[in-house]
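Peer 1: Take the given structure of chain W and dock chain S to it, following the hints.
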Amino acid sequence: MAYETQGFNVDNSGKRVVVDPVCRIEGHMRVEVNLDSNNVIRNAVSTGTMWRGIEVILKGRDPRDAWAFAERLCGVCTGTHALTSIRAVENALGITIPENANSIRNIMQLNLEIHDHLVHFYHLHALDWVDVISALKADPKATSALQQSVSPSWPLSSPGYFRDLQNRLKKFVESGQLGPFMNGYWGNPAYLLPPEANLMAVAHYLEALDFQKEIVKIHTIFGGKNPHPNWLVGGVPCAINLHDTGAVGAINMERLNMAEKIINDTITFMDQVYIPDIVAIGSFYKGWLYGGGLSGSSVLAYGDFPDKANDYSPSNLMLPRGAIINGNLNEIHPVDHADPEQIQEFVDHAWYKYPDETKGLHPWDGITEPNYVLGPNTKGTRTNIQELDESGKYSWIKAPRWRGNAMEVGPLARWVVGYAGGHAEIKGSTDKLLKDLGGVPLQAIFSTLGRTAARALEGQWSGYKQKYFFDKLVANCKAGDQSTANVEKWDPKTWPKEAKGYGFTEAPRGALGHWIRVRDGKIENYQMVVPTTWNGSPRDPKGQIGAFEASLMNTPVAKADEPLEILRTIHSFDPCLACSTHVMSPEGKELTSVKVR
Amino acid sequence: MIETFYDVLRRQGITRRSFLKFCSLTATSLGLGSAAVPKIVNAMESKPRTPVLWLHGLECTCCSESFIRSAHPLSKDVVLSMISLDYDDTLMAAAGHQAEAIFDEIVNKYRGQYILAVEGNPPLNEDGMFCIHAGRPFVEKLREVAKDAKAIISWGSCASWGCVQAAKPNPTRATPVHKVITDKPIIKVPGCPPIAEVMTGVITYMLTFDRLPELDRQGRPKMFYGQRIHDKCYRRPHFDAGQFVEQWDDEGARKGYCLYKVGCKGPTTYNACSTTRWNEGVSFPIASGHGCIGCSEDGFWDKGSFYDRVTDIKQFGIESNADKVGGTVAAVAGAAVAAHAAVSALTRARGKQDVKDQAGGN
Numbered sequence: 001m002a003y004e005t006q007g008f009n010v011d012n013s014g015k016r017v018v019v020d021p022v023c024r025i026e027g028h029m030r031v032e033v034n035l036d037s038n039n040v041i042r043n044a045v046s047t048g049t050m051w052r053g054i055e056v057i058l059k060g061r062d063p064r065d066a067w068a069f070a071e072r073l074c075g076v077c078t079g080t081h082a083l084t085s086i087r088a089v090e091n092a093l094g095i096t097i098p099e100n101a102n103s104i105r106n107i108m109q110l111n112l113e114i115h116d117h118l119v120h121f122y123h124l125h126a127l128d129w130v131d132v133i134s135a136l137k138a139d140p141k142a143t144s145a146l147q148q149s150v151s152p153s154w155p156l157s158s159p160g161y162f163r164d165l166q167n168r169l170k171k172f173v174e175s176g177q178l179g180p181f182m183n184g185y186w187g188n189p190a191y192l193l194p195p196e197a198n199l200m201a202v203a204h205y206l207e208a209l210d211f212q213k214e215i216v217k218i219h220t221i222f223g224g225k226n227p228h229p230n231w232l233v234g235g236v237p238c239a240i241n242l243h244d245t246g247a248v249g250a251i252n253m254e255r256l257n258m259a260e261k262i263i264n265d266t267i268t269f270m271d272q273v274y275i276p277d278i279v280a281i282g283s284f285y286k287g288w289l290y291g292g293g294l295s296g297s298s299v300l301a302y303g304d305f306p307d308k309a310n311d312y313s314p315s316n317l318m319l320p321r322g323a324i325i326n327g328n329l330n331e332i333h334p335v336d337h338a339d340p341e342q343i344q345e346f347v348d349h350a351w352y353k354y355p356d357e358t359k360g361l362h363p364w365d366g367i368t369e370p371n372y373v374l375g376p377n378t379k380g381t382r383t384n385i386q387e388l389d390e391s392g393k394y395s396w397i398k399a400p401r402w403r404g405n406a407m408e409v410g411p412l413a414r415w416v417v418g419y420a421g422g423h424a425e426i427k428g429s430t431d432k433l434l435k436d437l438g439g440v441p442l443q444a445i446f447s448t449l450g451r452t453a454a455r456a457l458e459g460q461w462s463g464y465k466q467k468y469f470f471d472k473l474v475a476n477c478k479a480g481d482q483s484t485a486n487v488e489k490w491d492p493k494t495w496p497k498e499a500k501g502y503g504f505t506e507a508p509r510g511a512l513g514h515w516i517r518v519r520d521g522k523i524e525n526y527q528m529v530v531p532t533t534w535n536g537s538p539r540d541p542k543g544q545i546g547a548f549e550a551s552l553m554n555t556p557v558a559k560a561d562e563p564l565e566i567l568r569t570i571h572s573f574d575p576c577l578a579c580s581t582h583v584m585s586p587e588g589k590e591l592t593s594v595k596v597r
Numbered sequence: 001m002i003e004t005f006y007d008v009l010r011r012q013g014i015t016r017r018s019f020l021k022f023c024s025l026t027a028t029s030l031g032l033g034s035a036a037v038p039k040i041v042n043a044m045e046s047k048p049r050t051p052v053l054w055l056h057g058l059e060c061t062c063c064s065e066s067f068i069r070s071a072h073p074l075s076k077d078v079v080l081s082m083i084s085l086d087y088d089d090t091l092m093a094a095a096g097h098q099a100e101a102i103f104d105e106i107v108n109k110y111r112g113q114y115i116l117a118v119e120g121n122p123p124l125n126e127d128g129m130f131c132i133h134a135g136r137p138f139v140e141k142l143r144e145v146a147k148d149a150k151a152i153i154s155w156g157s158c159a160s161w162g163c164v165q166a167a168k169p170n171p172t173r174a175t176p177v178h179k180v181i182t183d184k185p186i187i188k189v190p191g192c193p194p195i196a197e198v199m200t201g202v203i204t205y206m207l208t209f210d211r212l213p214e215l216d217r218q219g220r221p222k223m224f225y226g227q228r229i230h231d232k233c234y235r236r237p238h239f240d241a242g243q244f245v246e247q248w249d250d251e252g253a254r255k256g257y258c259l260y261k262v263g264c265k266g267p268t269t270y271n272a273c274s275t276t277r278w279n280e281g282v283s284f285p286i287a288s289g290h291g292c293i294g295c296s297e298d299g300f301w302d303k304g305s306f307y308d309r310v311t312d313i314k315q316f317g318i319e320s321n322a323d324k325v326g327g328t329v330a331a332v333a334g335a336a337v338a339a340h341a342a343v344s345a346l347t348r349a350r351g352k353q354d355v356k357d358q359a360g361g362n
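Taken in sequence, the protein lines are chains W and S. For the first sequence, the positions run 1 to 597 when my numbering is used. For the second sequence, the positions run 1 to 362 when my numbering is used.
For reference, chain W alone in the conformation it holds in the complex (with noise of 0.2 Å):
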């Protein structure tokens, strides 16, 4: 059958090509596409495979522990649920914090971005444009000259770099033993760069594998560990001791070098790898413009990075908050965590079940009760899926909406809502990239292609944000306040008997949010919306499509059976699953009246 929704005409009726588990992401997801005859994609289906239930578990427990359980919905986004959770809690009791403390997580929050950002782009989407076997073929002294054409100042660069590297991969393909290049999709017709831009970009690969790992280390520095460091509610639990005895236990001005060398370093990378890889791959990609999906449309951003400590109105945030509907980019709506008509989550395509499920509900006032029924027109059995059924229930993940619209969220969704709205630097960054690509139009910011680039000026404005935060940091100490913690409201015998509250970050793969209940003091509701939630979304009782499948319509594959577009535009999302499928019930039923079969 077809029908019309937000600009895309959904046709299911051609050949069904089938993806599971789409890899290169965190988590477990499956994608389904019908092609017609032409194998371009008229129909899309993407379904969260796995559900954790990580909200019926913080239940009963004590709020100053949630970081902890929220952390762990996702390891690649490492911290960004912990702020969000401490930021929820503190919301709900009232607790500020002082300045060094907000300083000292915007920078580890920023820290993420950066890290997240650039493990994604060399390791989880570089694959999608770069063909590993074919810079075998590369010229090492034309790969040192693009190396140096492209950035001039980075030292890896030269022929006999680029040779040995070529020798290396030589022996490494002859041996047989792929490792993770194989099966890969090498010489696809997709692949679209010269043999010697795949052998930088392979080069580049393995160096940012041993770069990142030093990125992180901010984190071990103020946090203790990566992944998964530790936070505080009302504010940082490391100490600053920068001239008195025991300073050795404390940050202290080694700790502090450490941190700004690392610093130093990041932008650098960012500088002269990342943002010249963009340019360098973009050039090649600039016509294969398909991908955009509800980027152009409907896109949402909660807004990040609070300048001075406690203020999370928009004025203070150094990224945009808004809403953009109906491709209207003149028009950016205000959004209100608060507010039960405006962010609503609907589950009647989604595996849970809900008493009415035309409605949407408010995440104070959600429901999740899990609900594993497959549609009427499913292909294989409960537990050997072959095809799925869109008309039905086919994803762990719910369908959030804001004012009843599917929106995109993530990098590209902020880049946009920054462009329309005047951001400074968003706007100039953005317009210095097309230019450098030789003069593309601003209408390709909305692909593929523009998502991924979108993501690399983020991680560069992160660099320096990261910077500006170290600054502020050390000029507050210089001005004589060493103090990370307000511990005023520490002891729950300080906090009202109910109280609720919310907190939000712009993680890397985009809004976040964080709902709370407390009474008593313990978590009597707990709910999050995450950012693959928006991007994975199933359908919902209107037949809006998510992101993720509104991205793929439209898009030709080169070869049926081999997913490689399907990837790419997917991977351009960043997909995280494991963040995505946990929504569960603040009032909710108890999900031990899960059936064990």
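Hints listed in this document are in silico derivations from the structure and should not be mistaken for laboratory results. One should not assume that every hint holds.
[Said to hold, decoys possible] Result set (DSS-like, lysine-lysine): computed pairs, CA atoms no more than 27 Å apart in a straight line:
no.: 1; chain 1: W; residue 1: Lys59; chain 2: W; residue 2: Lys15
no.: 2; chain 1: S; residue 1: Lys168; chain 2: W; residue 2: Lys522
no.: 3; chain 1: W; residue 1: Lys261; chain 2: W; residue 2: Lys478
no.: 4; chain 1: S; residue 1: Lys47; chain 2: W; residue 2: Lys170
no.: 5; chain 1: S; residue 1: Lys147; chain 2: S; residue 2: Lys109
no.: 6; chain 1: S; residue 1: Lys303; chain 2: W; residue 2: Lys59
no.: 7; chain 1: W; residue 1: Lys141; chain 2: S; residue 2: Lys76
no.: 8; chain 1: W; residue 1: Lys493; chain 2: S; residue 2: Lys168
no.: 9; chain 1: W; residue 1: Lys489; chain 2: S; residue 2: Lys303
no.: 10; chain 1: S; residue 1: Lys303; chain 2: W; residue 2: Lys497
no.: 11; chain 1: S; residue 1: Lys303; chain 2: S; residue 2: Lys222
no.: 12; chain 1: W; residue 1: Lys170; chain 2: S; residue 2: Lys76
no.: 13; chain 1: W; residue 1: Lys500; chain 2: W; residue 2: Lys522
no.: 14; chain 1: S; residue 1: Lys303; chain 2: S; residue 2: Lys179
no.: 15; chain 1: W; residue 1: Lys432; chain 2: W; residue 2: Lys467
no.: 16; chain 1: W; residue 1: Lys493; chain 2: S; residue 2: Lys303
no.: 17; chain 1: S; residue 1: Lys303; chain 2: S; residue 2: Lys168
no.: 18; chain 1: S; residue 1: Lys109; chain 2: W; residue 2: Lys500
no.: 19; chain 1: S; residue 1: Lys76; chain 2: W; residue 2: Lys171
no.: 20; chain 1: S; residue 1: Lys168; chain 2: W; residue 2: Lys59
no.: 21; chain 1: W; residue 1: Lys137; chain 2: S; residue 2: Lys76
no.: 22; chain 1: W; residue 1: Lys171; chain 2: S; residue 2: Lys47
no.: 23; chain 1: S; residue 1: Lys303; chain 2: W; residue 2: Lys500
Peer 2: Relative to the frame of chain W, chain S by itself:
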């Protein structure tokens, strides 16, 4: 990038002579005598890299993220030169049926020779469909791939114990690997996540010595999990001296005192954090001001708040009250190094001194 084990050793600065010595020592330790040395040399120089199939169940991918942080050896050297990471859904180029085809190929070609690494765990409720792999329950895939594996590594607390999704009430019935696979050697490498160099240390140990590491009764490598964090904590002298952080960002916190009274689980947690430390030795949780939350211990999510004091460490004689115990340790033992053992002395001396006088007086 393809290098044999010998190439890797050479590149890391190990001489031919040392390599041959290593081979003869290996021969001796295996009881093979000198005749076997050339064979071992040849095998080390030319044997294919051990295939590793890395599966993901219910998890958060923090173990994979930790793994790529390894500094010695670098994760790229492990993946490209030491093992053959033939299946890992987080990193592999292929997807869908091209990915699935790899299972058949490796299992058939290397039957009984490959290592199965499991990150996360299978949920058993809802017919296993809380975690779906290629349209089927993950637990089925786990059983299939485990059948012909040489050994299994359970990465992290999810695979080892169940971790966060198995915390009460465990809605999906998330179940650790050893309760599903019972006929294979399983090495548990717990932690949320485990330390990167512990992960690569376990793998390189197996490649170097061609055997499983010595395990404790719970299945963890003794070399990394044989002692409590508290046993080797650099803040331990403050515990023994009765100098505690009483509240966040207080004088004690700024001086780096012991975090026991704000909930540190170091005294009951077996892991290498206080010695190996994290991210190339930069720090570990206690050194950055937060107590250990005990993330490598079975059921650590359900042992009360992370900020409650540990009260069940009777072997230390700390069964009741740290305010008194820390101080009495200092009073009784002075040098305090062996004080934990002095349970009877503690009991006699308890109550003589208020630790607050000490901690606050510094």
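Peer 1: Now tell me, hint by hint, if it's right for this structure.
Peer 2: Hints and how they fare:
Between Lys59(W) and Lys15(W) the CA atoms are separated by roughly 45 Å; this puts the pair beyond 27 Å, and the hint is violated. A hinted pair counts as satisfied when its Cα atoms are at most 27 Å apart, and Lys168(S) with Lys522(W) qualifies at roughly 15 Å. The straight-line distance between the Cα atoms of Lys261(W) and Lys478(W) is roughly 19 Å, inside the 27 Å bound, and the hint therefore holds. Distance restraint check for Lys47(S) and Lys170(W): the Cα-Cα separation of roughly 18 Å lies within the 27 Å cut-off, and the hinted pair is therefore satisfied.
With a C-alpha separation of about 14 Å, the suggested pairing of Lys147(S) with Lys109(S) holds against the 27 Å cut-off. With a C-alpha separation of about 15 Å, the suggested pairing of Lys303(S) with Lys59(W) holds against the 27 Å cut-off. With a CA separation close to 25 Å, the supplied pair Lys141(W) and Lys76(S) stays within the 27 Å bound. For the hint linking Lys493(W) to Lys168(S), the alpha-carbon distance of about 25 Å falls within 27 Å, and the restraint holds.
For the suggested pair Lys489(W) and Lys303(S), the alpha carbons sit about 23 Å apart, so the restraint of at most 27 Å is met. With a C-alpha separation of about 24 Å, the suggested pair Lys303(S) and Lys497(W) falls inside the 27 Å cut-off, and the hint holds. About 24 Å separates the Cα atoms of Lys303(S) and Lys222(S), which keeps this hinted pair within 27 Å; it holds. Restraint check: the Cα-Cα separation between Lys170(W) and Lys76(S) comes to about 16 Å, which is no more than 27 Å; the hinted pair holds.
Of the pairs offered as hints, the one joining Lys500(W) and Lys522(W) holds, with about 11 Å between alpha carbons and a cut-off of 27 Å not exceeded. Only pairs whose Cα atoms come within 27 Å are accepted, and Lys303(S) paired with Lys179(S) is accepted, the gap being roughly 22 Å. Proposed proximity of Lys432(W) and Lys467(W) is supported: the alpha carbons are some 22 Å apart, at most 27 Å. Straight-line distance between C-alpha atoms of Lys493(W) and Lys303(S) comes to about 22 Å, which keeps the hinted pair within the 27 Å bound.
Taking the CA atoms of Lys303(S) and Lys168(S), the gap is about 11 Å. The hint holds against a cut of 27 Å. At most 27 Å may separate the alpha-carbon atoms for a hinted pair to count; Lys109(S) and Lys500(W) exceed this at roughly 58 Å. At roughly 15 Å between alpha-carbon atoms, Lys76(S) and Lys171(W) fall within 27 Å of each other, so this suggested pair holds. Our distance criterion of 27 Å between C-alpha atoms is met by Lys168(S) and Lys59(W), whose separation comes to about 10 Å.
For the hint pairing Lys137(W) with Lys76(S), the CA-to-CA distance comes to about 23 Å; that is within 27 Å, so the pair holds. Restraint check: the Cα-Cα separation between Lys171(W) and Lys47(S) comes to about 15 Å, which is no more than 27 Å; the hinted pair holds. For the proposed pair Lys303(S) and Lys500(W), the alpha carbon gap of about 26 Å is at most 27 Å, so the pair holds.
In summary, the structure is inconsistent with hints 1, 18 from the numbered list given earlier, while agreeing with the others.
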